[in-house]
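**Student:** Listed in order, the protein sequences are those of chains W and H. Heads up: the first sequence at position 337 corresponds to 337 in my numbering, and the numbers run straight through without jumps. Numbering-wise, my numbering comes out as the position in the second sequence, counting from 1, plus 385.
Heads up, a few of these hints could be off.
[As the list claims (entries may be wrong)] Quick list of the computed label-pair ranges, beta carbon to beta carbon:
#: 1; chain 1: H; residue 1: 508; chain 2: W; residue 2: 1; range: 41 to 49 Å
#: 2; chain 1: W; residue 1: 132; chain 2: H; residue 2: 511; range: 33 to 41 Å
#: 3; chain 1: W; residue 1: 132; chain 2: H; residue 2: 637; range: 53 to 61 Å
#: 4; chain 1: H; residue 1: 436; chain 2: W; residue 2: 375; range: 20 to 28 Å
#: 5; chain 1: W; residue 1: 374; chain 2: H; residue 2: 692; range: 45 to 53 Å
[Unchecked claim] List time: in silico BS3-like cross-link candidates among lysine-lysine, alpha-carbon distance up to 27 Å:
#: 6; chain 1: H; residue 1: 390; chain 2: W; residue 2: 60
#: 7; chain 1: H; residue 1: 483; chain 2: W; residue 2: 60
#: 8; chain 1: H; residue 1: 475; chain 2: W; residue 2: 327
#: 9; chain 1: H; residue 1: 534; chain 2: H; residue 2: 483
#: 10; chain 1: W; residue 1: 60; chain 2: H; residue 2: 556
#: 11; chain 1: H; residue 1: 598; chain 2: H; residue 2: 641
#: 12; chain 1: H; residue 1: 549; chain 2: W; residue 2: 57
#: 13; chain 1: H; residue 1: 449; chain 2: H; residue 2: 412
#: 14; chain 1: H; residue 1: 390; chain 2: H; residue 2: 405
#: 15; chain 1: W; residue 1: 269; chain 2: W; residue 2: 30
#: 16; chain 1: H; residue 1: 641; chain 2: H; residue 2: 665
#: 17; chain 1: H; residue 1: 549; chain 2: H; residue 2: 580
#: 18; chain 1: H; residue 1: 616; chain 2: H; residue 2: 665
#: 19; chain 1: H; residue 1: 475; chain 2: W; residue 2: 57
#: 20; chain 1: H; residue 1: 556; chain 2: W; residue 2: 57
#: 21; chain 1: W; residue 1: 30; chain 2: W; residue 2: 219
#: 22; chain 1: H; residue 1: 449; chain 2: H; residue 2: 390
#: 23; chain 1: H; residue 1: 412; chain 2: H; residue 2: 390
#: 24; chain 1: H; residue 1: 412; chain 2: W; residue 2: 60
#: 25; chain 1: W; residue 1: 57; chain 2: H; residue 2: 519
#: 26; chain 1: H; residue 1: 405; chain 2: H; residue 2: 549
#: 27; chain 1: W; residue 1: 137; chain 2: W; residue 2: 196
#: 28; chain 1: H; residue 1: 519; chain 2: H; residue 2: 534
#: 29; chain 1: H; residue 1: 665; chain 2: H; residue 2: 655
#: 30; chain 1: H; residue 1: 434; chain 2: H; residue 2: 549
#: 31; chain 1: H; residue 1: 412; chain 2: H; residue 2: 423
#: 32; chain 1: H; residue 1: 549; chain 2: H; residue 2: 616
#: 33; chain 1: H; residue 1: 475; chain 2: H; residue 2: 616
#: 34; chain 1: W; residue 1: 26; chain 2: W; residue 2: 39
#: 35; chain 1: H; residue 1: 598; chain 2: H; residue 2: 616
#: 36; chain 1: H; residue 1: 390; chain 2: W; residue 2: 57
#: 37; chain 1: W; residue 1: 60; chain 2: H; residue 2: 511
#: 38; chain 1: H; residue 1: 511; chain 2: H; residue 2: 483
These are calculated hints, taken from the structure and not from any lab test. Virtual Cβ for every residue (Gly too), placed ideally from N, Cα, C.
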Amino acid sequence: MLRIGILLPRSTLFPSLGLDILNGLKEQLKQQQVFDDIKLVTDNIGFGIEEQEIYTKAEKMLLQDDADVVILCADTGITEMLQPLFTATNKILLVVNFGANFPQNWEPAPTSIIHSLNFCQHAGITGKLAAEENENKEAVNVISYYDGGYRQCYCMLTAHQSAGGVPAFNYITSIRLDDFTLEPLAVFIRERPDIKNLLCLFSGDHAERFYNEIAPLQKEFDLCLYVSPMLLEPSLIQSRGETLSTGEVKGYIPWHASLDNEGNNEFLKLFSGAAGRQANYFSVLGWEAGSIVAEIYRQHGPGNSNATDVIASLTRITFKSPRGWLKIDPATLHSYGPSYLARCRNNMDITIESEANSEEEWRSFASQKTLKGEASGWRNTYLCI
Amino acid sequence: MNEVKALILCNSPIAIPGIKEFLFYNKVAAIATTRRNKEMQHILGQLLKDTGVPLLQFDNKDYKEQLTGAIREYDVNVGLLMTFPFIITKEILELPAKGFINFHYGLLPGCRGPQPILRHLLNNDKEAGITVHKVDEGIDTGPIIMQEKITIEETDTYGILQSKLAFLAAKQATNLLKILSYGQIIPAIPQNEEKAVYYEMPGATELTINWNKMPAREIVRMANACNPWNKGAGTSINDWGIGITEAELAGSYEGKEKEPGTIIACDITKGLLVKTVDDKLLRINIVYTNEGYFSGSRLASFGIEVDMIFK
Numbered sequence: 001m002l003r004i005g006i007l008l009p010r011s012t013l014f015p016s017l018g019l020d021i022l023n024g025l026k027e028q029l030k031q032q033q034v035f036d037d038i039k040l041v042t043d044n045i046g047f048g049i050e051e052q053e054i055y056t057k058a059e060k061m062l063l064q065d066d067a068d069v070v071i072l073c074a075d076t077g078i079t080e081m082l083q084p085l086f087t088a089t090n091k092i093l094l095v096v097n098f099g100a101n102f103p104q105n106w107e108p109a110p111t112s113i114i115h116s117l118n119f120c121q122h123a124g125i126t127g128k129l130a131a132e133e134n135e136n137k138e139a140v141n142v143i144s145y146y147d148g149g150y151r152q153c154y155c156m157l158t159a160h161q162s163a164g165g166v167p168a169f170n171y172i173t174s175i176r177l178d179d180f181t182l183e184p185l186a187v188f189i190r191e192r193p194d195i196k197n198l199l200c201l202f203s204g205d206h207a208e209r210f211y212n213e214i215a216p217l218q219k220e221f222d223l224c225l226y227v228s229p230m231l232l233e234p235s236l237i238q239s240r241g242e243t244l245s246t247g248e249v250k251g252y253i254p255w256h257a258s259l260d261n262e263g264n265n266e267f268l269k270l271f272s273g274a275a276g277r278q279a280n281y282f283s284v285l286g287w288e289a290g291s292i293v294a295e296i297y298r299q300h301g302p303g304n305s306n307a308t309d310v311i312a313s314l315t316r317i318t319f320k321s322p323r324g325w326l327k328i329d330p331a332t333l334h335s336y337g338p339s340y341l342a343r344c345r346n347n348m349d350i351t352i353e354s355e356a357n358s359e360e361e362w363r364s365f366a367s368q369k370t371l372k373g374e375a376s377g378w379r380n381t382y383l384c385i
Numbered sequence: 386m387n388e389v390k391a392l393i394l395c396n397s398p399i400a401i402p403g404i405k406e407f408l409f410y411n412k413v414a415a416i417a418t419t420r421r422n423k424e425m426q427h428i429l430g431q432l433l434k435d436t437g438v439p440l441l442q443f444d445n446k447d448y449k450e451q452l453t454g455a456i457r458e459y460d461v462n463v464g465l466l467m468t469f470p471f472i473i474t475k476e477i478l479e480l481p482a483k484g485f486i487n488f489h490y491g492l493l494p495g496c497r498g499p500q501p502i503l504r505h506l507l508n509n510d511k512e513a514g515i516t517v518h519k520v521d522e523g524i525d526t527g528p529i530i531m532q533e534k535i536t537i538e539e540t541d542t543y544g545i546l547q548s549k550l551a552f553l554a555a556k557q558a559t560n561l562l563k564i565l566s567y568g569q570i571i572p573a574i575p576q577n578e579e580k581a582v583y584y585e586m587p588g589a590t591e592l593t594i595n596w597n598k599m600p601a602r603e604i605v606r607m608a609n610a611c612n613p614w615n616k617g618a619g620t621s622i623n624d625w626g627i628g629i630t631e632a633e634l635a636g637s638y639e640g641k642e643k644e645p646g647t648i649i650a651c652d653i654t655k656g657l658l659v660k661t662v663d664d665k666l667l668r669i670n671i672v673y674t675n676e677g678y679f680s681g682s683r684l685a686s687f688g689i690e691v692d693m694i695f696k
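With the sequences and hints as input, model every part of the structure.
**Tutor:** Following this line, the structure appears as C-alpha cells:
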C-alpha cells in the first residue's frame, strides 16, 4: 500500500480547480488499476500562500500519516522550504502547478518533482512567434495586474524582445474587475494604427472581460492577439467563445481537447465519463500526476524504497499523456511536454496548427540563468485567489 | 509557530546577507564576532544600530565562557555559525534547545575545511555552493539540512564567487528560518563519509603558478582564486616576485619551441602574452608588484621583454 498525501488549494475564480485535479488523479489511478493499492489523504491549503500551514500539514503527512508521497499544488517559491524535510525523510514531494512561475535556481532537489503545464514556456514561445512572424516588430503588451505578477509574463515579454520584438506600449489593467477598462489602450491604438500585434496575458473573469472589450478594437484595426495559455482555456472558450472575438487569436498551449492522440482519447473518454465533467487544464494536470504516482507505485516496491532512485527511474520514462507525451527532465526534475500552436480565426474556433520543437524549446527554457537583480511577484498559487 | 531566538556567530562580511534575513524577521537574540576583527565589529555595529540586538565580542582565550554566558543571558535556543573560527565544544553544543547550525560556504562532504571557496576554485571544480548543516563535534561533519549549488563561471574571481554565495546563503537563511519556525523536527541527513575530504588552509606553494605543469586554463583559475584577497597568483621573473591578478586565454601558440612561461609579446598592442605548457597563449591583463597594480604590458617599462621566462 502506497500512502499519498494531497494538499490542494482552493480558487474563487475556478471553484472546481482542486476537485478537477483530484478527479483527474483518481481516474488515472483507476485506469492503471492501482487505485485500490493506494491510500489517499487530502487536505486543503487555502490559496497556497500560508507557508506555516503548508509546512505543518506536509510535515504531519510525513511524520504522523506516514505518507510515502505528498502531492502539493503550490508555486515553486513556496515549495523550496519543504525540500530538506523530504530529502531527510527519504519521501517524495510531487509539486503540481500550472508552470506560471519558474524557479530562481533550476538545481533539483533529489526527492522532489515539479509537475506543471509549463505556462512560462508556452508564453515564451508565443512571445517569440509574435516577433518572428511579423515584419513590424513593434507590439503592445496588455496584461492583467494579476497575471503580470507571474514569471510567464516575464517569459513572454523577454522572449519577444530577444527575438527582435519591440514593446511600443505597456498597458496593465486594474486589479478590480469593476475598474477594468481598455480605454488607454484604445487611445494608443487609434494614434498608432500601424501596430497590429498585441501580447496578452489574462485569466479568469478578467480574461472574459478583456475579450469583450478588445473585440470592437480588434475588428476596427485588424489586430492579432498573441495570448497566454489561460486566454485559450477550454471552459472559457467553450462556454462563451462565440461572443469573445471574431479576429485572429493565437498562442502556444499545452493541451486541447481536439488533440488526436491515444492518451487524449483515453483521457477524454474516461475522465468525462466518470467525473461527468468536461475535461480542462486542471483535470489534465491531475490525470498526469496520476500517471506519475502509478509509476512511483510500481517502482516503490519492498526492494526499492529509496526515493532518489525511484525518481531517477521516472526520468527514463516517456509517459502517455493527453498532451501526447510527458517526460521528466533528469537535469531539473521538472516535467515537460509538447507546445501546440492554437489559432482561432472565426468565433474562437480553435485549431491546432503545429507543434513547436518542444524538446529544443524545453532545453532552451530550462537552461536560463537565474534572474538578474531583484524580482518580485505574487506568492499564491497561480489562479488561486 | 515555534519561537526562534538565534545567537549568530560570524567573522566575515560574507555572513551579512544571511544575518539580514534573520534580523528582518526579528529572530536574533544577539550577534557575536571576534574581538580582533575590527572590520566586522564596524559593519555589525552599523547593521545593528537601532535594532536593540546586542553585539558581542569574543576572545580566543575566553570564548567558551563568553559563549555559555551569552546563551544563558539571552535565552538563546539556536546557535548559527557563519564563518566563525572557534571550535564549539560538546558541552556548549548541547546548551541551545535546537543546537548549533553552520553555514558552510562550500559543498560538503567533499570540501571540508576553513577556505571552501578558495578550495573550489583551486580544485577547478565546476560547482560551488552553500551547505547548511547541524554542528557536531567534528569540523564540518554534521548532518546536512540543505545544500544549494551554483555553477562556477570562468570569469568568477574569489570575490565574485564570495558575493554570489553570500546571497545564496541569505536565501538558505530564509528557508532555515521557516524550518525552525514551522517544523517539529530539523530535517537532516548524515554526510557520506566515503566522499569526505578535508582541506587545510592552502600554503604559498598552492598559490604559486607552476609553469611547467599548469595548463593555461588552470593558471587563469588560480589567478581568479587569488583575486582580490591574495592580490594575484604568485610567480616570478628575473627574481622579481609578482602576482598575476587577472589573465585570460588568447588562443594557441604556434611559433618555435619555447619553454612554458616564455614571454611572447609585451607591448601595448598585443599586451603581455605568455606561452603555457599546453601550447596556449595566456594574456596577462593585470599584475600586482610591490610597486603597485599595473596592466601586463606596463612590465615593459620595468625592463621585462620578449623571451624572458616566468618561473
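**Student:** Give a verdict on every hint.
**Tutor:** Results for each hint:
1. H/508 x W/1: 41 to 49 Å: holds, 47 Å
2. W/132 x H/511: 33 to 41 Å: holds, 34 Å
3. W/132 x H/637: 53 to 61 Å: violated, 38 Å
4. H/436 x W/375: 20 to 28 Å: With Cβ atoms ~27 Å apart, the hint holds.
5. W/374 x H/692: 45 to 53 Å: holds, 52 Å
6. H/390 x W/60: holds, 24 Å
7. H/483 x W/60: Measuring from Cα to Cα gives roughly 20 Å; hence the hint holds.
8. H/475 x W/327: violated, 48 Å
9. H/534 x H/483: holds, 26 Å
10. W/60 x H/556: holds, 25 Å
11. H/598 x H/641: holds, 19 Å
12. H/549 x W/57: violated, 33 Å
13. H/449 x H/412: holds, 23 Å
14. H/390 x H/405: holds, 15 Å
15. W/269 x W/30: holds, 13 Å
16. H/641 x H/665: Holds: residue 641 of chain H and residue 665 of chain H sit about 13 Å apart, inside 27 Å.
17. H/549 x H/580: holds, 25 Å
18. H/616 x H/665: holds, 24 Å
19. H/475 x W/57: violated, 34 Å
20. H/556 x W/57: holds, 23 Å
21. W/30 x W/219: Given that 27 Å is the threshold and the Cα spacing comes to 47 Å, the pair is violated.
22. H/449 x H/390: holds, 19 Å
23. H/412 x H/390: holds, 5 Å
24. H/412 x W/60: holds, 25 Å
25. W/57 x H/519: holds, 24 Å
26. H/405 x H/549: holds, 15 Å
27. W/137 x W/196: Judged against 27 Å, a Cα distance of about 10 Å means the pair holds.
28. H/519 x H/534: Given that 27 Å is the threshold and the Cα spacing comes to 18 Å, the pair holds.
29. H/665 x H/655: holds, 15 Å
30. H/434 x H/549: holds, 26 Å
31. H/412 x H/423: Roughly 25 Å between the alpha carbons, so the hint for residue 412 of chain H and residue 423 of chain H holds.
32. H/549 x H/616: holds, 20 Å
33. H/475 x H/616: violated, 38 Å
34. W/26 x W/39: Distance of about 11 Å is within 27 Å: holds.
35. H/598 x H/616: holds, 22 Å
36. H/390 x W/57: holds, 24 Å
37. W/60 x H/511: violated, 38 Å
38. H/511 x H/483: violated, 34 Å
Taken one by one, the earlier hints fail for this structure at numbers 3, 8, 12, 19, 21, 33, 37 and 38, listed in ascending order.
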